[in-house]
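K.L.:
Hey, can you piece these two chains together into the complex? The hints should help.
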Amino acid sequence: MHRSLLTALLMAAAVMLSPAAASAHAFLKSASPAVGSTVDVAPGTIALTFTESLEPDFSSIVVQDAHAAQIDKKDSHPVPGDPTRLAVSVGSLSPGTYTVIWHVTSTDTHKTTGKFSFTVAH
Amino acid sequence: MLNGAAPSFEIDGGAALVLLRALTTGALLWVFGASLFVWFVFPRAFSRLPPATAAALGTRLSRLIGGGLIAAAIALTLWLAAQTAVFADADSVGAALGALPKVLFHTRFGWVVVLQLLALVATALFVRRPAGAAIASGVALALGAGHSHALSMQSGPSLLLGAETVHLLAAGAWLGGLIPLLVAVRMVPAREGAMAARWFSPIGKLAVSAIALTALYQGVVDVGSVSGLLGTAYGWMALCKLALFGVLFGFAWVNRYRFAPALLRGDAASSKRTLIVSIALQSAFGALIVLVAAFLATLPPGMHTEPVWPFTMRFSLATVREAPEFRDEVMGAVLALLGAIAIIVLGQFMQRWTRWLGYAMAAIITFYAIPHLDVLLAPAYPTSFETSPTGFSATSIVRGEALYGSNCASCHGADGRGDGPAAPGLAVPPADLTAPHLWEHSDGELAWWIGQGMPGPDNRPVMPGFEGKLDVDERWSVIDFIRARNAGIHFRDTGEWPVPVAAPGFSMACRTGPGTLDALRGSAVLLLLDGPVPSDIPPGLRVVEAGEAQPKAGLCVSDDPAVPQAYRILAGLSAGQNASFLIDREGSLRYASRAGWSDPAALGRLVRLLDKQATGASAMVHPHHHTM
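Line by line, the protein sequences are chains A and B.
Residue numbering for the first sequence is 118 to 239, as defined by the working numbering.
Residue numbering for the second sequence is 1446 to 2073, as defined by the working numbering.
Bound conformation, chain B alone (with noise of 0.2 angstroms):
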């Protein structure tokens, strides 16, 4: 099941930095949830304490918040210094030393670290008065979201920055209260021990809750996808800090509903004891959660990270789409199961014996469904989920057609269709590129059988691995050329693209300046491989001309060779043949025409259609408009 393929974990900047980045956020928390328990619980829970025991307590909490006040001031200076070190690549103390000014003043960290300092002093300087205390350290360690991704994606406010903010707030409520928590029931008798944990509750709840709903809207946004999930570093520590979350959830239910109600009955000091120990190990695993969480901030997302696959299976419809037979039998196994789970929730309705049967049934029902679902599942490799890095551009399509020639015409044929000259004594034949079932594989699908060669049923390889005579980008240059070509002989022969089909990206030079394919996203654009322009331009339509050198007025231009020759294959026209295409505003090609646009109102309701008709469902929608 398992391939055995592993994401890499290098961080930059090292462990020095993530370890400094835990000990600032964990010293943050404290403050803050120690501050948190002075202000609200300590008032409420400890009303009917004596005086004596009232004011140790007190002189003990507000230690814990001094020295709290201590640790996160020298963290955040000692993180400062090893992330101006890292900023600068400095290699000596007066090198780094150099930096500082720059990274204090120039730099959003730097700002962030001066203002959290800043809310720190605040801080000590309430540190009599709990309701500005707790303000002020909310303020020191809300200002840590600054430093997360979110900042940096979007500039100003937005959803990901206020979920990162609540994150940090709620933690620090839970996580930093705990230790006060653990020092008033050891100091305090039996039954405020009881209170203090029955007031920290309401804390603990709207805590969890507010980190289990932004968690999972970052992992979302973060992680990006199932793959991202299951195939990268980033997605793998996500998973081991759901972990870290579920166990200390699993503490904070025991300590509430278990362990505190038990000291206001029998045995208190054992029941004290067992609930300090609880307390105990769970700041434990708060502290390991924090720390995986500042690794976590150090690796580049999941959605920016190239997959490992670990799996040799994936999930895919292919083989439901391709053959209707099979719908039926995962309609009947989904159907089954849906079943099994009314089945269960019905169960939550009856008496204890008729619920065990429904579950013995939904067992059953389970366990032979599940098994007809397999078709659900396509091979899989380490890379396919990798996408390619070319961005379908003109250069690697023209670059893939050269290097297919050389190295794949022989056996599938110079159109693809697995008729090449060495193809008839081969005992399996090659595969078809131009049929549709090309689309139903990912580029990582491709790129692993084009490096690391094709194996037959009997295991043994029916085409080589081109791993040492193909460099990387050389065998995405050959996907992208086998994919543009499969939908071009599509196109000639229907006037349809089988899926939507991105345009391929160049250079061009406008009036404005260099300019590329990519930046006009956003408009339709209308290619022209060879003249005319159109003497009207629909309002909205950017024009490129290909073959051009000078950019003229309100016109593109592309001299690229490689621009007419990526198209030509795209359209399935041979050399010297050439078209008008137009470009949806997404980049998607939506129509091609050889006669080109000549009426200027056909041209506008084309354009029209466009903007109205979201792309993505079909890369055409009115063949007749192909005049090919």
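Looking at chain A on its own, in the form it has when it is part of the complex (with noise of 0.2 angstroms):
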């Protein structure tokens, strides 16, 4: 009987509820080059976009190459014409795994951090 009260209340928000896009933390939605890929030709900036708008004052990105040595120029910035953008300029990187990692802070206040790793492979 418990099992079909919960059938019964499923149903009932299933009907109710249905998906809508909402975001309210600057989470990473896509990034350039891409999270995890493989590139040929080395990249001269890093571009990240958030699924919010983000406070430039207080968001940076850091890129590390695989000795976890700090590489970008540290001049994070935001990408004019679009507030949910976040870009470092990187000199040229030779062949290896960098990681990337972001500290952002969104408009509405809340911060969250993460990081992903990408490939130049020759």
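Derived by calculation from the structure, the hints in this document are not laboratory data.
No residue lacks a Cβ here, since even glycine has one placed at the ideal position from N, Cα and C.
Among the hints, erroneous ones may be present.
[To be verified] Below, a list of computed lysine-lysine pairs in the DSSO-like style, where the Cα atoms sit at most 27 angstroms apart:
{"#": "1", "chain 1": "B", "residue 1": "1686", "chain 2": "A", "residue 2": "228"}
{"#": "2", "chain 1": "B", "residue 1": "1914", "chain 2": "A", "residue 2": "190"}
{"#": "3", "chain 1": "B", "residue 1": "1547", "chain 2": "A", "residue 2": "191"}
{"#": "4", "chain 1": "A", "residue 1": "232", "chain 2": "B", "residue 2": "1914"}
[To be verified] Per the computed footprint, the stretches of chain A lying under chain B, defined by three or more beta-carbons under 8 angstroms from a beta-carbon of chain B, are:
{"#": "5", "stretch": "144 to 154"}
{"#": "6", "stretch": "158 to 171"}
{"#": "7", "stretch": "181 to 194"}
P.N.:
If you want it as structure tokens, here you go:
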């Protein structure tokens, strides 16, 4: 009987609620180079797109090489025209795996962090 | 029924930020509600009050507004200070002070706080003009919507921002008016007390309707899904807020329709005490709801956290879809339930005993119909509604292929048909991962089985869990590969994909700079594993060439070896075989051809077809186009 009751409740809930897009903390939406990708042409800029607009003064990207040494140019900056994008410049990258670490604050005051890596092939 | 799993209630910035947010919001609701009460209810309810009492009440209410103003200003300032410290990761007062100008003038939070403080000053200046004070404090409160999620999702006005503003103002008009109502009922004679409650009623009714409507909209957008509601901290707090709203509504109902009218009859003194206690309790619940709201505003919405499904079952149409004999059973049960509802509705127009007979019949029908809906339930696990973080990327599929070979193939077989070398020795044969049934299971369910193992009919494990052997990302990659290979084998055999399949994502180099397949969403994409580039590219079609390093004019390239490898898996091709793929505007694979499309007219027709036919319905519309 409990099982049946749950069926009824779940069905009611399923009818009432339908998926819709929303966000409220800035989570990583896409990255260039893509998360976990292998690229042949080393990028000059790492650009991240988030799910919501950012406070650039309190957001930054750090890029580390395989030895955890910071190799970006410490110039995290918003991408003009898109408040959800943040970019950082890097010099010419030699082949290897790099880790991108981001600490961002969304305009609704929430902070999120995360990291991913990409590989420069040759 | 419950599996014991619960979502995490961790919040960023800590409890102090939640408390200060709640105090600020509470004080702003108070100032606005009290100002509105003085403006709207006072002149209507108390016109026949003795001048001395009216003046005394007026003074009390002005002080109430003044106190609220001071509280709001202090709370807002403290919140600003605490938020600044969190923004700047400041570990000392000095560091926080240093970051203050940056927060005040360079962040949206800072701008909104400054505007709110200015609106509070305006309210103080208008303190002798009720209309002005109500409007100015309404502005201070409404600006609070600028602290919400809505404005960060979409800069500029949006329906969500509008809903948030209306929600705040309605909450202020209702909850903020409770304390002045309490004060008034205590100070004035019973008759005027009843009048105050009566004149407060239209504000309450309007506010409650507005709160319910806006909350429903915000809830659907922010919670996102059933699993978001039942499996995330955000969803749980939203349910908690809904329950508290129900309690508040109950208080409002009895105050208006029981306790306030009682003031005009019989024992006025005891009726007055009852009403006062009831309003006081309602106000306390109101404060609690403000605290829950502040907590809710600090949590990431259900939409964006991975839900932890708390039940051992979930709703599923898989059984009905795969076994048509159950379809009639479910339809019959649903019709019976609709009949039961119809009987209850009809009962409303019947006499009492007929109505109760109807209720009894409806109860019996429900009791016998509901068990037949059991086929709509499937076993579920805490991770059932988790989504994969890999984004079904080419890299992930290729990585999954290698992991599958070393961990899964011995039982499930190289092709996934459940015929690996170790399979004959097993009591329960390994699952055929090439069956269409795979698509009835979510990524989260597959992740649970791969991580925790698969129990057999007698609950003894028939597949070991790989949690200790494969890390979480590796397990998601294995799932990506299993899905890609399932789709690829189906495509090889039938020329169609079993479900709409996402085109695996990858990075590319374009003339304009680095890009991703994801960024090309909105245009149809032609992916060539091995040329030739069509001489005439139809308008709106983007072309990507794999196996090339140098971008050409109007052409993006990728030399990531994972790209041809992943796409070959999805088309059921062996190593070395190549094909061209057409990807629609929404990023779904739609056509694959080993010969490619050399005739520009034919390619143009296909691209127009992609644009016309919405994705989702079928992965393949015209199988005869596949010249595999």
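K.L.:
Are there hints from earlier that the structure breaks, and if so, what are their numbers?
P.N.:
2, 7
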